[in-house]
Amino acid sequence: MNEKTLTTASPVPKSRASRLLSMGGLATKLAGNVLTEGSKRWIKGEAPSLNELVLTPKNMSDVADKLARMRGAAMKLGQLLSMDAGTLLPPELAAVLARLQSQGVIMPKTQLIHTLESSWGSDWMDRFNYFSFDPIAAASIGQVHKARTLDNNELAIKIQYPGVAQSIDSDIDNVISLLRLSGLLPRGLDIDELVDEARHQLHLEADYCAESRHLTDFAGKISNFSINCDLIMPTYFAELSETNIMTMSFIEGVGIEEWLKDHPEDASRIMGLMLELFFTELLQMNLMQTDPNPANFHVCPDTGKLILFDFGAVRQFDPQFVDRYKQAIDQAIEQNRAGLEAALEVLSFFKNGTDVANKAAVIDIFTIASEPLRSTTPYDFGQSDIAKRIHEIGMSVSKDPDAWHTPPADVLFLHRKMAGLYLMAAKHKAVVDTRTIYQQISG
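Note that this note's numbering has the sequence shown beginning at 1, numbered continuously upward.
Calculated directly from the structure, the hints in this document are not laboratory data.
Do not take every clue at face value.
[As the list claims (entries may be wrong)] Pairs of lysine to aspartate or glutamate residues, derived as EDC-like cross-links and limited to a Cα-Cα distance of at most 16 angstroms, are as follows:
#: 1; residue 1: Lys-305; residue 2: Asp-266
#: 2; residue 1: Lys-305; residue 2: Glu-257
#: 3; residue 1: Lys-427; residue 2: Asp-385
#: 4; residue 1: Lys-388; residue 2: Asp-364
#: 5; residue 1: Lys-351; residue 2: Glu-341
#: 6; residue 1: Lys-326; residue 2: Glu-345
#: 7; residue 1: Lys-429; residue 2: Asp-364
#: 8; residue 1: Lys-351; residue 2: Asp-192
#: 9; residue 1: Lys-427; residue 2: Glu-265
#: 10; residue 1: Lys-427; residue 2: Glu-258
#: 11; residue 1: Lys-429; residue 2: Glu-252
#: 12; residue 1: Lys-109; residue 2: Asp-134
#: 13; residue 1: Lys-146; residue 2: Asp-134
#: 14; residue 1: Lys-429; residue 2: Asp-385
#: 15; residue 1: Lys-326; residue 2: Asp-410
#: 16; residue 1: Lys-359; residue 2: Glu-341
#: 17; residue 1: Lys-305; residue 2: Glu-258
#: 18; residue 1: Lys-427; residue 2: Glu-257
#: 19; residue 1: Lys-351; residue 2: Glu-193
#: 20; residue 1: Lys-305; residue 2: Glu-252
#: 21; residue 1: Lys-326; residue 2: Asp-302
#: 22; residue 1: Lys-146; residue 2: Glu-252
#: 23; residue 1: Lys-429; residue 2: Asp-266
#: 24; residue 1: Lys-305; residue 2: Asp-230
#: 25; residue 1: Lys-326; residue 2: Glu-371
#: 26; residue 1: Lys-427; residue 2: Asp-230
#: 27; residue 1: Lys-427; residue 2: Asp-262
#: 28; residue 1: Lys-427; residue 2: Asp-380
#: 29; residue 1: Lys-359; residue 2: Glu-345
#: 30; residue 1: Lys-388; residue 2: Glu-371
#: 31; residue 1: Lys-429; residue 2: Asp-230
#: 32; residue 1: Lys-429; residue 2: Glu-258
#: 33; residue 1: Lys-429; residue 2: Glu-257
Take these sequences, add in the hints, and give me the full structure.
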């Protein structure tokens, strides 16, 4: 993790009441914007629809800014919706929610000190000979600070924003209500299972004790596989950790996006490692860090190894699910539509009443997504239009939201990771022998 200073500071609303008022303020602001924009256009003789008035750049910007400043579940839910339901959302909302992937707002120093004193006592600085009050990273749940112990251990200390763990359920309910009442979510779009799983996942991510167990478990399991020699993971410091503070060894590194921007010639190797890690997690460990946010991955400049940081979104897959999912992949590689349909049926991809066209669309998406695994030569992600083709099919399905069936949670989180890797590989024009990687790991 390399050091950088984040300067946008805003107090985190702590109580449920203050967070509810914050959402209420956003609703009032959106309504005011609709009235103002509507008046302007009616004076010009135009007759805009309510949907057009809601989906203005100003309203979309206000939504993203408010979710970023609230942090916690409000911001994280926006991130999940942008990745898991992006093809079914209005493009304006999908684009602005995608901004939350890289948007981080930090706590003011006074709130940070109060949080540390509440957890460690007023003499907390006696534990360190150095502590930086400028965070080196900020995300939806917390921010990270660099420190050094009295015996000169370099540390990365993740400090949870106050109030976010206690506000997860109310935040999610408030955000979904706002998006539905404002018309930002398409009428009839069923995201209940996604929302329930987001709620469960957020409670896990806010539990830093659980994350420390995930880190230890993940490091222990992956040490049995060949990719381990290309990875670096931090050491956990239990004596300096609390339920809202997670302390790990500081590892010098460069963010993967920054590294690939400066070293484009390394894109194929790095993305090959990322895909090898993905299939090792799924097929051999049945344990995966499911968050594809590039901020979770750094590169060691001296060795070129991947550095893994965040273990809040680690998910354990049932071996039976993994076996069934592998069957679906293998059928897709062979382009056996009947076999793929049967495999997806077992995985609960379809609901009763799903019409033939939508079932065919899901099979098409899965077949297209398996294209890199089918290629007999190294796959050129930079020349691929996989994302475009999948998006076009998704948009055709979105015209009939009632026929859309949200897949099981395991599938959603798995596809979120895979889609993130494909998009990163395409962005950096990686050429990867994906088929060989899959065959070697799947046996």
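For each hint, the structure was consulted:
1. Lys-305 / Asp-266: holds (12 angstroms)
2. Lys-305 / Glu-257: holds (14 angstroms)
3. Lys-427 / Asp-385: Status holds; Cα separation ~11 angstroms.
4. Lys-388 / Asp-364: It holds: about 13 angstroms lies between the C-alpha atoms, which stays within 16 angstroms.
5. Lys-351 / Glu-341: holds (13 angstroms)
6. Lys-326 / Glu-345: Holds, at roughly 14 angstroms.
7. Lys-429 / Asp-364: Judged against 16 angstroms, a Cα distance of about 24 angstroms means the pair is violated.
8. Lys-351 / Asp-192: holds (15 angstroms)
9. Lys-427 / Glu-265: holds (13 angstroms)
10. Lys-427 / Glu-258: holds (13 angstroms)
11. Lys-429 / Glu-252: At roughly 26 angstroms apart (the allowed maximum being 16 angstroms), Glu-252 and Lys-429 break the hint.
12. Lys-109 / Asp-134: At roughly 8 angstroms apart (the allowed maximum being 16 angstroms), Asp-134 and Lys-109 satisfy the hint.
13. Lys-146 / Asp-134: holds (8 angstroms)
14. Lys-429 / Asp-385: Distance ~12 angstroms between Lys-429 and Asp-385 Cα, so the pair holds.
15. Lys-326 / Asp-410: holds (13 angstroms)
16. Lys-359 / Glu-341: Holds, because 8 angstroms separates the two Cα atoms, which is no more than 16 angstroms.
17. Lys-305 / Glu-258: holds (15 angstroms)
18. Lys-427 / Glu-257: holds (10 angstroms)
19. Lys-351 / Glu-193: Within the cut-off at roughly 13 angstroms; holds.
20. Lys-305 / Glu-252: holds (11 angstroms)
21. Lys-326 / Asp-302: Violated, at roughly 36 angstroms.
22. Lys-146 / Glu-252: holds (11 angstroms)
23. Lys-429 / Asp-266: Holds. Lys-429 to Asp-266 sits at ~10 angstroms (cutoff 16 angstroms).
24. Lys-305 / Asp-230: holds (5 angstroms)
25. Lys-326 / Glu-371: Holds, because 15 angstroms separates the two Cα atoms, which is no more than 16 angstroms.
26. Lys-427 / Asp-230: violated (22 angstroms)
27. Lys-427 / Asp-262: holds (14 angstroms)
28. Lys-427 / Asp-380: Holds, at roughly 11 angstroms.
29. Lys-359 / Glu-345: Holds. Lys-359 to Glu-345 sits at ~10 angstroms (cutoff 16 angstroms).
30. Lys-388 / Glu-371: OK: Lys-388 and Glu-371 at ~13 angstroms, within 16 angstroms.
31. Lys-429 / Asp-230: The hint is violated at about 21 angstroms.
32. Lys-429 / Glu-258: It holds: about 15 angstroms lies between the C-alpha atoms, which stays within 16 angstroms.
33. Lys-429 / Glu-257: holds (13 angstroms)
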